[in-house]
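Let the sequences and hints guide you as you build the complete structure.
There are 2 protein chains.
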Amino acid sequence: MTLTLLIVSRQAKEYRAFFEAARLPELSFSDEPTSEVDILFGEPDRIRSALPSVPALRWAQSNWAGVEPLLEPDVRRDYILTNAQGVFGKLMAEFVFTYILAYERKLIERFQAQSSLKWDDRRTGSPRRKTLGLLGVGSIGMEIARTAKFFEMHVKGLTRKNENCPYVDEYYHGKPEITGLATNTDYLVSVLPATNITRRIIDKNVLAALPTHALFFNVGRGSAVDESALIDALRQKKLAGAILDVFDREPLPAGHPFWKTPNLTLTFHTAAPSLVEDIGALFIENYQLFRAGQPVKYQVDFERGY
Amino acid sequence: MTLTLLIVSRQAKEYRAFFEAARLPELSFSDEPTSEVDILFGEPDRIRSALPSVPALRWAQSNWAGVEPLLEPDVRRDYILTNAQGVFGKLMAEFVFTYILAYERKLIERFQAQSSLKWDDRRTGSPRRKTLGLLGVGSIGMEIARTAKFFEMHVKGLTRKNENCPYVDEYYHGKPEITGLATNTDYLVSVLPATNITRRIIDKNVLAALPTHALFFNVGRGSAVDESALIDALRQKKLAGAILDVFDREPLPAGHPFWKTPNLTLTFHTAAPSLVEDIGALFIENYQLFRAGQPVKYQVDFERGY
Numbered sequence: 001m002t003l004t005l006l007i008v009s010r011q012a013k014e015y016r017a018f019f020e021a022a023r024l025p026e027l028s029f030s031d032e033p034t035s036e037v038d039i040l041f042g043e044p045d046r047i048r049s050a051l052p053s054v055p056a057l058r059w060a061q062s063n064w065a066g067v068e069p070l071l072e073p074d075v076r077r078d079y080i081l082t083n084a085q086g087v088f089g090k091l092m093a094e095f096v097f098t099y100i101l102a103y104e105r106k107l108i109e110r111f112q113a114q115s116s117l118k119w120d121d122r123r124t125g126s127p128r129r130k131t132l133g134l135l136g137v138g139s140i141g142m143e144i145a146r147t148a149k150f151f152e153m154h155v156k157g158l159t160r161k162n163e164n165c166p167y168v169d170e171y172y173h174g175k176p177e178i179t180g181l182a183t184n185t186d187y188l189v190s191v192l193p194a195t196n197i198t199r200r201i202i203d204k205n206v207l208a209a210l211p212t213h214a215l216f217f218n219v220g221r222g223s224a225v226d227e228s229a230l231i232d233a234l235r236q237k238k239l240a241g242a243i244l245d246v247f248d249r250e251p252l253p254a255g256h257p258f259w260k261t262p263n264l265t266l267t268f269h270t271a272a273p274s275l276v277e278d279i280g281a282l283f284i285e286n287y288q289l290f291r292a293g294q295p296v297k298y299q300v301d302f303e304r305g306y
Numbered sequence: 001m002t003l004t005l006l007i008v009s010r011q012a013k014e015y016r017a018f019f020e021a022a023r024l025p026e027l028s029f030s031d032e033p034t035s036e037v038d039i040l041f042g043e044p045d046r047i048r049s050a051l052p053s054v055p056a057l058r059w060a061q062s063n064w065a066g067v068e069p070l071l072e073p074d075v076r077r078d079y080i081l082t083n084a085q086g087v088f089g090k091l092m093a094e095f096v097f098t099y100i101l102a103y104e105r106k107l108i109e110r111f112q113a114q115s116s117l118k119w120d121d122r123r124t125g126s127p128r129r130k131t132l133g134l135l136g137v138g139s140i141g142m143e144i145a146r147t148a149k150f151f152e153m154h155v156k157g158l159t160r161k162n163e164n165c166p167y168v169d170e171y172y173h174g175k176p177e178i179t180g181l182a183t184n185t186d187y188l189v190s191v192l193p194a195t196n197i198t199r200r201i202i203d204k205n206v207l208a209a210l211p212t213h214a215l216f217f218n219v220g221r222g223s224a225v226d227e228s229a230l231i232d233a234l235r236q237k238k239l240a241g242a243i244l245d246v247f248d249r250e251p252l253p254a255g256h257p258f259w260k261t262p263n264l265t266l267t268f269h270t271a272a273p274s275l276v277e278d279i280g281a282l283f284i285e286n287y288q289l290f291r292a293g294q295p296v297k298y299q300v301d302f303e304r305g306y
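Going down the list, the sequences are from chains V and D. Heads up: the first sequence at position 305 corresponds to 305 in this note's numbering, and the numbers run straight through without jumps. Heads up: the second sequence at position 38 corresponds to 38 in this note's numbering, and the numbers run straight through without jumps.
Be aware that one or more of the hints could be misleading.
One copy or two, either will do: identical chains are not told apart, so a pair holds if it fits within one copy or between any two.
[As the list claims (entries may be wrong)] Below, in silico cross-link-like pairs of lysine-lysine (DSS-like), each with a Cα-Cα straight-line distance of 27 angstroms or less:
hint	residue 1	residue 2
1	Lys130	Lys13
2	Lys175	Lys106
3	Lys175	Lys13
4	Lys260	Lys106
5	Lys297	Lys237
6	Lys260	Lys237
7	Lys175	Lys118
8	Lys149	Lys106
Think of the hints as simulated: they come from the structure by calculation, not from any bench. Values in this document were obtained by computation on a predicted structure and should not be read as measured data.
Here you go:
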């Protein structure tokens, strides 16, 4: 039995080439939404737009982790929805270490020295023997911790109960212990999701506990950070810098004070992109399971929302 | 028996604090060169200046790898000379991956976008699945290869005979095969020393073989690169960029064309600094061996020169 796939993605061309190269058995491609389409693949907003025109849909694979547009109450749920998981941890770790290494190596300062035709051989540092504090030790936190251990760092982790990460040297528990975790931490990294408990959990006290040479990273959700406390702390040099990938509103509105806060680096929600090779491989794996009538990976529970 | 140490270093204070904290048995510190001094520690040029004033010298530990000032023909050789080794590979690897990750992440471009108040969420890349080509697979090359494998890259290595590096996937041999190595290599990294064989070995043909998106790194010695071929290749966009840490003359003279070659990054010979913690630990290890009358690590053969 042939299955018909419609790709609804901003990178439709690249995904199509990737799937064609894989020569998936009994798969045909459709160029538009029709009653022939069995499978949708792409971004959740585009999947949602296509839903009314693909009545025979049996399975949709999102190439993002977040599938909010497909969870709204009046949207049909008579198909299997899978999202992208298990591919973002390594990218997040690469992101965090890009900026840790660039800071240790004074990359921006040396770039500016070269532009001014100045020989700048100021001493360089190393992450080795320094301490990384991780707020959240799930699958993404674990990849960051694994990379920190590769670079011979000491790793502290904030957790509610999971103490099974082989790359965390020392655990702290819940909100009351965050300030203790921040003390003597060179790099504080939040991968916290947006929940009632995490809301503004990184506040004035946590930031004040960091050493003045520390960097703070937010790669989780914007709501975990008290924005004005962070701006104050950076202005008062309570920490050396912050790298923010996520914000309450994206793109960050013009005129937002973050644009001009000293030592604040904005990375525009690029930390963990959906790469064609990663998500394409996930689709191929799931396609083979689906075709064999076996359970697919990362099926979303519409009620639970993930 | 007490041994007397004189520290002759630009970072004498930091080293002194490090050694004092280690409470080395039967070690006393001298503040100036006298006939009491048994041990010198510091940069080779400063060791050389102190030599005439420390007649009882038995051992000198250089905190650099290169000890050229102590190898000149008329300089005394009646003491044990040890140099710094085994500590630079990790720093070199951190250096190379600082710039690989910054390139994949478009760090400079995003920094400039932020300065212009622009939201820049252009797609980011990853070293994963890309190819690193290593010219030289000794102890430093091995650390770079090990880091490349951590980031799930494919590693090619140029070697004369050693094929024992567990992190190299594919070997190439000698000058005739460099062009083949460069083909389809995303990141070409030279750790080659200055010898007659390596002189200008990275020439026009090697650079032309690289893909146009490739980066070239020189962290070995400046003489391995044909400078004008590199400038031409960068001007003609035969490769995307080069990162040079070492030069025929340092500091790079004002007016040298490298200062203004497009897509050329200068890092001012900062790739692998002598860190107090690294070299201090090496001295402590050697002190304990020396005191016990055992062979010290990394003794320099004055005739051979390393």
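Okay, the hints, checked on the actual structure:
Taking identical chains as interchangeable, the C-alpha atoms of Lys130 and Lys13 lie at most 27 angstroms apart only when they sit on different chains, with a minimum of 21 angstroms there against 44 angstroms within one chain. Taking the shortest alpha-carbon separations for Lys175 and Lys106, neither the intra-copy value of 33 angstroms nor the inter-copy value of 35 angstroms comes in at or below 27 angstroms. Within a single copy, Lys175 and Lys13 get their C-alpha atoms no closer than 46 angstroms, and across copies no closer than 41 angstroms, so neither meets the 27 angstroms cut-off. In the homo-oligomer, the alpha carbons of Lys260 and Lys106 lie at most 27 angstroms apart both inside one protomer (20 angstroms) and across protomers (20 angstroms), since each shortest distance falls under that limit.
In this homomeric assembly, Lys297 and Lys237 never come within 27 angstroms of each other (Cα to Cα): the closest approach is 46 angstroms inside a single copy and 44 angstroms across copies. For the identical chains of this complex, Lys260 and Lys237 are intra-copy neighbours only, at 15 angstroms inside a copy versus 35 angstroms across copies, given an alpha-carbon limit of 27 angstroms. In this assembly of identical chains, Lys175 and Lys118 lie within 27 angstroms of each other by CA distance neither inside one copy nor across copies; the values are 46 angstroms within and 35 angstroms between. Taking the shortest Cα distances, Lys149 and Lys106 sit within 27 angstroms of each other both inside one copy (22 angstroms) and across copies (25 angstroms).
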